[in-house]
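Residue numbers (our numbering), protein chains in the order written: chain F, 1 to 452; chain C, 453 to 876.
Hints are not guaranteed to be accurate.
[Stated by the list, open to error] Simulated restraints, written as ranges between beta carbons of each label pair:
1) F/Leu136 with C/Ser816: 53 to 61 Å
2) F/Asn192 with C/Arg534: 37 to 45 Å
3) C/Ile843 with F/Thr34: 41 to 49 Å
[What the hints assert, rightly or not] Covered stretches of chain C (in silico footprint by chain F; criterion: 3 or more residues with CB under 8 Å from a CB of chain F, positions within the stretch not fixed):
4) 479-487
5) 511-523
[To be verified] Okay, derived cross-link-like pairs now, DSSO-like style, lysine-lysine, Cα gap no bigger than 30 Å in a straight line:
6) C/Lys516 with F/Lys28
7) F/Lys360 with F/Lys338
8) F/Lys419 with F/Lys345
9) F/Lys382 with F/Lys189
10) C/Lys789 with F/Lys28
11) F/Lys296 with F/Lys360
Hint data in this document are derived by calculation from the structure and do not stem from the laboratory. Remember, it's a predicted structure, so these values are computed and weren't measured experimentally. Beta carbons are placed, not taken as given, at the ideal position from N, Cα and C, and that holds for glycine.
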Amino acid sequence: MTTHARKVAQTPAKTDHNCRLTFDDLHKPLNGLTARTAASHCLYCYEAPCIQACPTSIDIPTFIHQIGTGNIDGAARTILSENIMGGTCARACPTEVLCEQACVHNTDHSDPVEIGLLQRYATDHLMDQNGPHPFLRAPESGRHIAVVGAGPAGLSCAHRAALLGHQVTVYEARPKAGGLNEYGLAAYKMINDFAAREVDFLLGVGGIDIRYGQALGRDITLDHLQAQYDAVFLGVGLGATNALGLDGEDIPGVQDAIQFIENIRQADDPATVPLGNDILVIGGGNTAIDAAVQAKKLGAKRVTLAYRRGADQMGATDFEVDLARKHDVHVMLWTKPKALIGTDKLTAVTLEGTRLEKGKLVGTSETFDLPCDHLLKAIGQKLSETTLSGLDIASGKLVSSNFYQTSRSGVFAGGDCIKSGEDLTVQAVEDGKQAALAINLWLASAQETSHG
Amino acid sequence: MADLKCTIAGIESINPFWLASAPPTDKYINVVRAFEAGWGGVVWKTLGEDPPVINVSSRYGAHKDQKGSMIGINNIELISDRPLEQNLAEIRQVRQEWPDRVIIGSMMAQVEESSWKELAIKIAAAGVNGIELNLGCPHGMCERGMGSSIGQVPEMIEETTRWVREATNLPVFTKLTPNITNILWAAEAAKRGGAHAVSLINTVNSIVSVDLDVMAPNPVVGGKGSHGGYCGPAVKPIALNMVAEIARNADTQNLQISAIGGIETWRDAAEFIALGADGLQVCTAAMLYGFRIVDDMIDGLSNFMDEKGYQSITDFKGLATRNTVDWNALDMNFDTKAVIDPDSCIECGRCYIACEDTSHQAISFDVEADGTRVFTVVEDECVGCNLCAMICPVPDCIAMVPVENDLPYLAWPDHPKNPIKAAE
Chain F
1 MTTHARKVAQ TPAKTDHNCR LTFDDLHKPL NGLTARTAAS HCLYCYEAPC
51 IQACPTSIDI PTFIHQIGTG NIDGAARTIL SENIMGGTCA RACPTEVLCE
101 QACVHNTDHS DPVEIGLLQR YATDHLMDQN GPHPFLRAPE SGRHIAVVGA
151 GPAGLSCAHR AALLGHQVTV YEARPKAGGL NEYGLAAYKM INDFAAREVD
201 FLLGVGGIDI RYGQALGRDI TLDHLQAQYD AVFLGVGLGA TNALGLDGED
251 IPGVQDAIQF IENIRQADDP ATVPLGNDIL VIGGGNTAID AAVQAKKLGA
301 KRVTLAYRRG ADQMGATDFE VDLARKHDVH VMLWTKPKAL IGTDKLTAVT
351 LEGTRLEKGK LVGTSETFDL PCDHLLKAIG QKLSETTLSG LDIASGKLVS
401 SNFYQTSRSG VFAGGDCIKS GEDLTVQAVE DGKQAALAIN LWLASAQETS
451 HG
Chain C
453 MADLKCTIAG IESINPFWLA SAPPTDKYIN VVRAFEAGWG GVVWKTLGED
503 PPVINVSSRY GAHKDQKGSM IGINNIELIS DRPLEQNLAE IRQVRQEWPD
553 RVIIGSMMAQ VEESSWKELA IKIAAAGVNG IELNLGCPHG MCERGMGSSI
603 GQVPEMIEET TRWVREATNL PVFTKLTPNI TNILWAAEAA KRGGAHAVSL
653 INTVNSIVSV DLDVMAPNPV VGGKGSHGGY CGPAVKPIAL NMVAEIARNA
703 DTQNLQISAI GGIETWRDAA EFIALGADGL QVCTAAMLYG FRIVDDMIDG
753 LSNFMDEKGY QSITDFKGLA TRNTVDWNAL DMNFDTKAVI DPDSCIECGR
803 CYIACEDTSH QAISFDVEAD GTRVFTVVED ECVGCNLCAM ICPVPDCIAM
853 VPVENDLPYL AWPDHPKNPI KAAE
């Protein structure tokens, strides 16, 4: 991992003030006027396609109608009742392939309703008031649930379980809650400590306590949790990262993109984050784009993004790829890294062209060396299987039944560690919500059995 | 280019667009700006006897749609609050500077013959082309026995109109209030009094909105509000009906009509003319957008007339009046059904839920295997009510298609299910 100091002299002249500016909001928030204009564009469709397209099934036409009538808090409650992390999702969701993609205005060739920005307008309005939590808990059930992981899935599960009247204890390996929202999203998507503020807001429901520095497999075990609690939810995400499988992956200058993003998110001043001059990002997903764009914003001279397949296969949306191009990130398709050059530090990367042969990706043997002193790997994450011994795993994900239950009775799971939908915050929130409902049903049926 | 010149009550105007008696016509400077912008005439803000009235603050309330656009406004302003002589001096000056434009003097006074006659003579002497009697103001003045308190009593309409006819040789416009049960009683009274024309409508009694913080009607004056006079696009349907009633009524069809009420575009203007108006007066639209809106009114009306082959206003004046009938004259055998064009449908479902919840359950909603939402009219259930076609956000996506049933014209009086007919 690179630790060399950033060469300020070789980057464009930039004051700290400017640096902060570059991490301004990606999207300008709506104001009263623009929100009303955006809301008035909504046709208030019946059984709207946008609702179907949202993994959490927010009643979008209703909340937009509420914004239109000036009932902004009501709009926020409509959103938050289905998605307690509606604030983050409004910022981080690829709305261009979810709700906004489904907007009927795409059919009439006009612009879709700005659903993401409207959602943010409503949720920000409610959260900015720092009032009481908008939802009331059901009477105490006397049940206590353990949640592992304070990421979007775990927190969503904890919130819903708390609402249903259960006590919840969340075990989190890191020092802060929020998971991906706190550590893994580009800074320009989550300015002003939004992830932390959202966690505080979410915990306002009551009945949830979080224990930090508690890692599954190290500090706690499933056996322990099952012995202590009535049910367990695993929202452990994907803790490990994929490797390139090349020699020299441990030389300074080679780094996981998620670590790079985390460093920026956790730094008091992003300008202090170690940064090379010639940066190569390997990958085609949103993490790759987040890393590449932020590297450019921090002042890297050249940023290249290499993806081994074509534009259609990229995980990142067209909007994200455009964002990279607008930040002067050079996007190279059908290219993969073949060798890392450098001994005590990275100096170049040998890249090889790729093509499909009978549906299989193969190298073309055409290679060239790209000068590179900082390589960011964004080629996916995987389950840390060692901590989950005893649970069935298939295709790198925990096996879960339709009701979010793992192969072990009473142990539920959701978020990136199971295969439910896209690896997105919004899907994790939905998993957490649905798992809490499933746990609630499971607890009720267990009670019937024991008393029956 | 169509000729927009028109004549009303014998007064020629370069175009039919006049500014109505209201704040925009209260002063020399406004009127000159209006004439510079191209307005054909103005009805000077209502003049009264000295001492001038005193106005309150604030004066206007708003009725907005969900997008924030003004549907209508109301006001609690009174007549001109400047000394009579100052207004008359300015009228004389504009008269000299703008000889081809129409200036009508609006007036109101106590119900005394001498008051009406003396004021009318003074105004006539300032060089106006005609006099309009304000018998409509529904707030403030009526509580002093003027405005709509006169306009609601046919005998007083007739009397005041006659007094002004006797006092001057100028054309007389009697301005009517809509705050009555039957506009014909007022129009017929104006005609009996000798009015050359009627102007309508004046503002509609209204509380336009309530300030929910102060808990008082808007506009709020020191914590209290009052009913005011409603105007703007929202009152156009009321005005159209009253104009049509007068235009198609045997006793009043020869009265000239200066139409007022929510005229904002050339299309509104054309609709009023089609229903029998000879000229038009505009106020709220100018207050909301400035005098410049007359440009498109002139241009749009002219283009419409060119397109339809009308060379003058009189060519299409009243063409819709003959097709305005009582309900009893409507053909009960005429039938239409809605038809949804699947190619232009954007699948919003608004037609479906409106019909399902509030009408005749005449639209089916199916989802195909690929997720396409298909909306289809169930012909047997469709009564041709129009609701779906009005709601559909896509122009021409839902058409109302006449049913060819070869049935003859049949009105209710002759309908076999009419119990009176059956009894015959």
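For each hint, the structure was consulted:
1. F/Leu136 with C/Ser816: 53 to 61 Å: 41 Å, violated
2. F/Asn192 with C/Arg534: 37 to 45 Å: For C/Arg534 against F/Asn192, whose Cβ atoms are near 56 Å apart, the range 37 to 45 Å is violated.
3. C/Ile843 with F/Thr34: 41 to 49 Å: Violated - the Cβ-Cβ distance for C/Ile843 and F/Thr34, about 26 Å, lies outside 41 to 49 Å.
4. 479-487: violated (count 0)
5. 511-523: With 3 residues in contact (Cβ-Cβ under 8 Å with chain F), the coverage given for the stretch 511-523 of chain C holds.
6. C/Lys516 with F/Lys28: Holds. C/Lys516 to F/Lys28 sits at ~27 Å (cutoff 30 Å).
7. F/Lys360 with F/Lys338: 17 Å, holds
8. F/Lys419 with F/Lys345: Judged against 30 Å, a Cα distance of about 38 Å means the pair is violated.
9. F/Lys382 with F/Lys189: 24 Å, holds
10. C/Lys789 with F/Lys28: 47 Å, violated
11. F/Lys296 with F/Lys360: Violated, at about 33 Å.
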